[in-house]
Amino acid sequence: MTHATTDQGHSTAIGRLLGVGFGGHDGKALAAFWAAVLGWEVTQTFGDAAAMISDGTTSHVFYTARDFKAPDWPADELAFHFELGVDDVAAAEERLIALGANKPEHQPGGAHWTVLLDPSGHPFCVTARQS
Numbered sequence: 001m002t003h004a005t006t007d008q009g010h011s012t013a014i015g016r017l018l019g020v021g022f023g024g025h026d027g028k029a030l031a032a033f034w035a036a037v038l039g040w041e042v043t044q045t046f047g048d049a050a051a052m053i054s055d056g057t058t059s060h061v062f063y064t065a066r067d068f069k070a071p072d073w074p075a076d077e078l079a080f081h082f083e084l085g086v087d088d089v090a091a092a093e094e095r096l097i098a099l100g101a102n103k104p105e106h107q108p109g110g111a112h113w114t115v116l117l118d119p120s121g122h123p124f125c126v127t128a129r130q131s
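So that you can map any letter, position 99 of the sequence shown is 99 in full-length UniProt numbering, and since no number is skipped, the others follow by simple counting.
These are computed hints drawn from the structure, not numbers from a lab.
Among the hints, a few may not be true.
[Stated by the list, open to error] Label-pair distances were calculated between CB atoms; the ranges are:
{"id": "1", "residue 1": "LYS103", "residue 2": "GLN130", "range": "19 to 29 Å"}
{"id": "2", "residue 1": "ALA13", "residue 2": "ALA75", "range": "16 to 26 Å"}
{"id": "3", "residue 1": "GLU83", "residue 2": "GLU105", "range": "18 to 28 Å"}
{"id": "4", "residue 1": "LEU38", "residue 2": "GLN107", "range": "14 to 24 Å"}
{"id": "5", "residue 1": "GLU105", "residue 2": "ALA13", "range": "34 to 44 Å"}
{"id": "6", "residue 1": "GLU41", "residue 2": "PRO74", "range": "31 to 41 Å"}
{"id": "7", "residue 1": "HIS10", "residue 2": "ASN102", "range": "22 to 32 Å"}
{"id": "8", "residue 1": "ALA98", "residue 2": "TRP73", "range": "29 to 39 Å"}
{"id": "9", "residue 1": "SER59", "residue 2": "SER11", "range": "19 to 29 Å"}
{"id": "10", "residue 1": "ARG66", "residue 2": "ALA13", "range": "33 to 43 Å"}
{"id": "11", "residue 1": "HIS10", "residue 2": "GLN107", "range": "38 to 48 Å"}
{"id": "12", "residue 1": "GLY110", "residue 2": "VAL42", "range": "16 to 26 Å"}
{"id": "13", "residue 1": "ALA79", "residue 2": "GLN44", "range": "17 to 27 Å"}
[Stated by the list, open to error] With a straight-line Cα cutoff of 30 Å, these simulated DSS-like cross-link-like pairs (lysine-lysine) come out:
{"id": "14", "residue 1": "LYS103", "residue 2": "LYS28"}
{"id": "15", "residue 1": "LYS69", "residue 2": "LYS103"}
{"id": "16", "residue 1": "LYS28", "residue 2": "LYS69"}
Just so it is clear, CB atoms sit at the ideal spot from N, CA and C, and this is done for glycine as well.
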């Protein structure tokens with residue numbers, strides 16, 4: 001991979017990541033879940049299969065993936081996962097479960113983080129926000 005560099009040899013950005021697309025069982029429901037979690041807005045829908053959420057700067061698209069299979073975590077290696085920083089882990093966990101997340105039995109984080117599964121089964125971590 002080639003990176004642009006300045007005269008001093010430091011890397012410079014070629015672009016800015018505007019967002020990421022995520023597949024799941026129901027893209028519109030997944031977008032609604034993550035919009036509620038992040039306090040973002042659903043800004044655009046694409047028929048019955050997808051929706052975009054945004055905070056005004058960054059956007060993510062959630063789409064219905066025809067052959068989506070949730071990872072069998074922790075048996076399956078994860079290609080990615082979200083890290084959600086919160087002020088109160090226990091209170092956030094309660095709210096996230098009320099929104100549709102599930103708490104798997106396997107919890108490797110101890111007192112450091114909690115693993116939850118979003119409505120499509122994607123694992124994500126909930127940890128105390130770093131000051």
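Outcome of the hint check:
no. : hint                        : result
1   : LYS103 - GLN130: 19 to 29 Å : 23 Å, holds
2   : ALA13 - ALA75: 16 to 26 Å   : 37 Å, violated
3   : GLU83 - GLU105: 18 to 28 Å  : 21 Å, holds
4   : LEU38 - GLN107: 14 to 24 Å  : 23 Å, holds
5   : GLU105 - ALA13: 34 to 44 Å  : 41 Å, holds
6   : GLU41 - PRO74: 31 to 41 Å   : 33 Å, holds
7   : HIS10 - ASN102: 22 to 32 Å  : 44 Å, violated
8   : ALA98 - TRP73: 29 to 39 Å   : 22 Å, violated
9   : SER59 - SER11: 19 to 29 Å   : 25 Å, holds
10  : ARG66 - ALA13: 33 to 43 Å   : 35 Å, holds
11  : HIS10 - GLN107: 38 to 48 Å  : 40 Å, holds
12  : GLY110 - VAL42: 16 to 26 Å  : 35 Å, violated
13  : ALA79 - GLN44: 17 to 27 Å   : 25 Å, holds
14  : LYS103 - LYS28              : 22 Å, holds
15  : LYS69 - LYS103              : 18 Å, holds
16  : LYS28 - LYS69               : 17 Å, holds
The structure fails hints 2, 7, 8, 12 (numbered hints given earlier, in ascending order).
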